[in-house]
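Visitor: So the chains spell out like this:
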Amino acid sequence: MYRINESKMYYDMADGQAIVINFVTGMYYGSNLLGSAVLDRLQAGVSPNSVLEALRGLPGCPEDMGEQLDAFIAELISREILIPGPTNAEECCLIGGEALEDGFFLTVDEFAEAQDLLLADPVHDVDASQGWPVLRED
Amino acid sequence: MLQQSAGNRVPPELFFEAMERRIGQRCSGGFSVFYIRAAGRVVELRFTSKELMAATREQLRWCETEAVKNPDARFFYWNDSVGSYLPESHTGAFCLNMDDRASGAYLRTWPEGRMLAFNPLTRSYYFCEAYKSREEFYRSGHALVLLFSLWAQDRDLILLHGAAVGEAGEGVLICARGGSGKSTLSIACLLAGLDFVSDDYVLVSGSGPLRAFPLYSMICLNPDMYGKLPELRAPVLSVNHARGDRLLLDASGYRFSSGLPIRAVVFPEITEDRAASFQPMAPGRAMVHLIDSTIHQMGENRNTRLVKTIAGRFLNTPVYRMRLGGDPMENACAVGRFIREDLQHVSNQ
Numbered sequence: 001m002y003r004i005n006e007s008k009m010y011y012d013m014a015d016g017q018a019i020v021i022n023f024v025t026g027m028y029y030g031s032n033l034l035g036s037a038v039l040d041r042l043q044a045g046v047s048p049n050s051v052l053e054a055l056r057g058l059p060g061c062p063e064d065m066g067e068q069l070d071a072f073i074a075e076l077i078s079r080e081i082l083i084p085g086p087t088n089a090e091e092c093c094l095i096g097g098e099a100l101e102d103g104f105f106l107t108v109d110e111f112a113e114a115q116d117l118l119l120a121d122p123v124h125d126v127d128a129s130q131g132w133p134v135l136r137e138d
Numbered sequence: 139m140l141q142q143s144a145g146n147r148v149p150p151e152l153f154f155e156a157m158e159r160r161i162g163q164r165c166s167g168g169f170s171v172f173y174i175r176a177a178g179r180v181v182e183l184r185f186t187s188k189e190l191m192a193a194t195r196e197q198l199r200w201c202e203t204e205a206v207k208n209p210d211a212r213f214f215y216w217n218d219s220v221g222s223y224l225p226e227s228h229t230g231a232f233c234l235n236m237d238d239r240a241s242g243a244y245l246r247t248w249p250e251g252r253m254l255a256f257n258p259l260t261r262s263y264y265f266c267e268a269y270k271s272r273e274e275f276y277r278s279g280h281a282l283v284l285l286f287s288l289w290a291q292d293r294d295l296i297l298l299h300g301a302a303v304g305e306a307g308e309g310v311l312i313c314a315r316g317g318s319g320k321s322t323l324s325i326a327c328l329l330a331g332l333d334f335v336s337d338d339y340v341l342v343s344g345s346g347p348l349r350a351f352p353l354y355s356m357i358c359l360n361p362d363m364y365g366k367l368p369e370l371r372a373p374v375l376s377v378n379h380a381r382g383d384r385l386l387l388d389a390s391g392y393r394f395s396s397g398l399p400i401r402a403v404v405f406p407e408i409t410e411d412r413a414a415s416f417q418p419m420a421p422g423r424a425m426v427h428l429i430d431s432t433i434h435q436m437g438e439n440r441n442t443r444l445v446k447t448i449a450g451r452f453l454n455t456p457v458y459r460m461r462l463g464g465d466p467m468e469n470a471c472a473v474g475r476f477i478r479e480d481l482q483h484v485s486n487q
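Just so you know, the sequences run in chain order S and E.
Take this note's numbering: the last position of the first sequence gets the number 138, and nothing is skipped along the way.
Take this note's numbering: the last position of the second sequence gets the number 487, and nothing is skipped along the way.
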């Protein structure tokens, strides 16, 4: 089973969304609603089989959910968000239908500075004779 | 993304010269100016309108100080919209950006026309946004928070979205999401005679001993909590009808602490308990709230450097969950006791 890698990660749920912060790299991770619900169960020590059973109990569960869950867990491990941990047999695994509001899939999103591409640069694109805010025509 | 060649680069100073010309055109009668002292540094704030200056000054009154010849930095704040100059093809979260690590020059604009910039040659910081009425100005939150955050990062300081209070020269940082009792608890501490730094935004030293400094003297309270603190004597600056009639109050008549060492982080939770209590907790939840709310308030949700800096500052700071009781003033007394007795005990171990 799994738990949050607390030697590197801060974790919390806010309004149904998981937030994970790698305080060593400053990287920020999020997940869609269903992914957040699954991550929350996994980090509490619920077994992947119990999570899969809960997912299959939801209406409209895709047939490949087992593969999706395996890939999701593999990504969480590869990003060092989850590490092996104890099983929590007492933890109940219920996933409500509200977790499906943004789709029946599991994603891990990474937010970093590099995602903000510079679309134009007013220093380098500015008209040299007139200065800001007149941009070069070319 | 536009491809640039080194040959056609225009130096940052040209850009900033053009921008200052533009500001000057909007302010032919001279700037309205006042000065503040924050974390031991004097900053000059220049405005193109008296109205804009007055509304900002109301929020920073406690830190206001006399004019100096060589301030640590100069802030320019004016109304304009850079958005009207952006080519139509430029869309997305940030339309124009510059973060020139070599020179330190910085520029960021938003699609709605706001602009934040720093010219390292003149130590000048710039913020412009479209004109807002006084009500809209207050509705958008604390004045110049993005500018102060940028300045703080350049000065080995961090502007955090949190409160700070203390007792007998020792302080705690209070962090929580909106609606978790952070402001009410810290304002109750102010009324109970504890050392008070801030209820919402606090400057924290970026290295060395962890220390909190005040900036804004405007405090914010929900109307129901305002009713529970009848002894509060702070003129109402504005009422934010868009946020449940949240009251924005001028607390500059009270004495603020000029700086407090931070010994712990307190994470309050509203409960049905009669009396407040404290328990040590793993830092994860509190740190997510502190970092997440700070970087979102500052519009810095891609800034891994800032995330690392905040996290690094609090790595070895103990975190306590505070289960709030029903009476704000009793909660404040509990904070005082906690700092005086429990925290001192932990520090001495």
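Hints listed in this document are in silico derivations from the structure and should not be mistaken for laboratory results.
Ideal Cβ placement from N, Cα and C applies to all residues, glycine included.
Some clues are possibly wrong.
Claimed, not checked - Sample of chain E residues lacking proximity to chain S, with all beta carbon distances greater than 12 Å (derived):
hint	residue
1	Y173
2	P361
3	S396
4	P421
5	M425
6	D430
7	T442
8	R443
9	T447
10	G450
11	F452
12	G464
13	E468
14	D480
Unchecked claim - Computed from the model, here is a short list of chain S residues facing chain E with C-beta under 8 Å:
hint	residue
15	E6
16	D12
17	A14
18	I21
19	Y28
20	C61
Visitor: Failing hints, ascending?
Guide: 4, 5, 6, 7, 8, 9, 10, 11, 20
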